[in-house]
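Enquirer: Given the coordinates of chain H, work out where chain Z should sit on it, guided by the hints.
Residue numbers (this note's numbering), protein chains in the order written: chain H, 1 to 333; chain Z, 334 to 736.
FYI, nobody ran anything at the bench for these hints, they're computed from the structure.
These numbers come from a predicted model, not from an experiment.
Be aware that a few hints might be false.
Listed below are the simulated DSSO-like cross-link pairs for lysine-lysine, each with C-alpha atoms no more than 27 Å apart in a straight line [what the hints assert, rightly or not]:
1. 138/H / 99/H
2. 138/H / 353/Z
3. 99/H / 353/Z
4. 99/H / 124/H
5. 353/Z / 144/H
6. 124/H / 144/H
7. 144/H / 99/H
8. 124/H / 138/H
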Amino acid sequence: MPVQPAAVVRNDALRLEGVVKSFDRHRAVDGLDLTVPRGSIYGLLGPNGAGKTTTIRMLMGILRPDAGRIHVLGEPASEATKDRIGYLPEERGLYPGMKVLDNLLFFGALRGLSTAEARAAAGKWLARLRMESTALRKLQELSKGNQQKIQFVATVLHEPELLVLDEPFSGLDPVNQDLMRTTILDLAAQGKTIVLSTHLMDEVERLCSHLTLIHAGRAIVQGALDDVRREHGGETVHLELEPGQELDERHPAIVEVRRVGRSLEIQLGAGADPSAFLSEVAAQVRVRRFEVRGASLHSIFVRLVSADDPAEVPTLPASAPRVPEAPLTGGGR
Amino acid sequence: MNFRKVRHVVRREYLESVRKRSFLLGLVATPLMMGAMIFLPFVSEGLVSQEEMRVSILDRTGRYGAALIADASPDLILTLAPPGMAEEELDARVAAEVLTGWILIPEDFAETGECTYRSGSITNLAVLESLRTRLGLSLAGAKAQELGLPSEDVESLLRPAEMRTVRVGHAGAREGDFTQVYLRAVMLVMTMFFALIPTGQILMRSVIEEKSNRVIEVLLSSVTPLELMVGKIIGLGAVGLTLLGAWASVGVLLSLRLGTSLPISGGEIGMFVLYFLPGYFFFAALLGSIGSICSAERDAQPFLMPISLTLILPVMMGMAIAQAPDHWVARAFSFFPPLTPSLMLFRYAIKEPPAWEILATWTTLVLATIAMFGVSARVFRVGILMTGKRPTLPEIARWARER
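Next comes chain H alone, as it looks inside the complex:
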């Protein structure tokens, strides 16, 4: 018997091979391959309707794939592997009429914790998220943000090795967003694997080491964050000019300009040198601030999705910066 790459499989927290799922005639997931290394924070990106939720539902065993294989923590996905995953769905939901603690004890019990274990874990997590005082209150009496935090506690209560978090920051105020971010990083530092499905490119850039961009049910970009940035699109510079100054956007190195408040986020063409660009710009206008960043995930996302399917304009959350209307095909205009 040939030695299967079992060792490789075992090292991956998650491995999807040729996964297909259709609803009626619509192919929601179309031959998706995905490998999530253990201990990574992995970003799952994609426009609305790309197939992210369907993919997550399949690895949680809520939906069955039509074809392909799914391995979770080195084993074929099954009822047994479900209990080793913590899942925070985008559509949150616990029992609103039940007390916070009863909700947590129930979901802890379903995932195999004894009452004493669940109680201890609930106490620890509620304290960590500064929610101890809510334990005996009904869930529906809590604010939306606090309900989100309880939902997060229900997700991590049983110390899962793999966490699947679908839009974990939505509905949280900035203070709690920071708290959530720190918590995610702590969990990753403890060796947990985290799959983060989100629209927020900033969060992916801040947290994730790897990512997959899904569009129309297929992975169109995959890999380590730095590699993706290097491969797709040149450097991005942030530029802020003195008041009254105007940049000539026809500069040959510029691929795209986005205005973010008073600053400009400028996508440079492949091979363009940011220092040379700065000296040319500074010769014409007075520069107040100049910063070189890798290509922004946002611009990569928009460009790749549009290129993949020009007819379909990706839907972005209202808070995302506006994109110029010209088709972005890369390589300068």
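Expert: Showing chain Z alone in chain H's frame:
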């Protein structure tokens, strides 16, 4: 199936249901309501017959009225009208509510046996029946005396037969009358109804709630749809049994305290349990899958009415069944699974069906319940993740066929 997880679902469903105020309401209000439904008609009938009735008799023959008046009762005051009194005058007294009614015995009564009762109300059956009997007896008595029979002989000749009714069954003979037997049958079916339908409805509502507050997605990430459905059905079934148990204990305590025997027989209790269990699983699976395809409770309402009516159909057909308990229609309907539990229970209370029929209808019900469970589990699996539009029947049929 992971029974540890099912057990946790059962526990949650049970505890959450019995802690609700509506459970307490059902526990107390249901027997009260049932008692009212069954006994109110009889109580009010008692009220009516206790009302004093004043009936005047206009006897054109002058031979029967006196005998009638002789056995008047306190609540039925009979008086003789002067023989020459005008009929209009008596009608006017009825209109003025001086008289409840009056009876005209015409001159040819001896030949024709026909007389007339005139009143503002002619629906008080019991009174009319008693007047009719008395008039018949006094007519026969007068005729017998005309034939020259001594009055003692006339009395013994006209003494009506007293007939006791005893119901014979496998559990032994038991004296009773129509009202007792019929009431017991209705009570058994209504108890079945109040134990089955509200629990089934709670089940349906809890499925819809889990869908609408999205807890379903979290649930399904740790249990399978089948585990969830089975857990819910068992948990709420236990709620139904708790209700029945509480009602039964109160019934037993009451009858002990009052020193009367239990109103229902051991056989009836046996039949109840025998048909309640598969009946509950049948309706629970049906209502659970209906819940899974609905996004809001109002979507489910149209399904509830026919299901409730099915269960109380035997009560609506009750009189016909009581007259002919072995009629082929009742027997054929007993094999239609949604009707089986309540109809068989009703028929058993009226007249014990043969053992083979009990066995055959029960087996049919159990098989139908297993089939219903299989179909429901599949519909549930798909329906529970659907939101928005309610699926069409062909779509549901396709889910039911999918492996």
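Enquirer: A separate judgement is required for each hint: does it hold in the structure or not?
Expert: Now for the hints, and whether the structure bears them out:
no., hint, verdict
1, 138/H / 99/H, "holds, 4 Å"
2, 138/H / 353/Z, "holds, 14 Å"
3, 99/H / 353/Z, "holds, 13 Å"
4, 99/H / 124/H, "holds, 17 Å"
5, 353/Z / 144/H, "holds, 25 Å"
6, 124/H / 144/H, "holds, 21 Å"
7, 144/H / 99/H, "holds, 15 Å"
8, 124/H / 138/H, "holds, 19 Å"
Hint compliance for this structure: no hint is broken.
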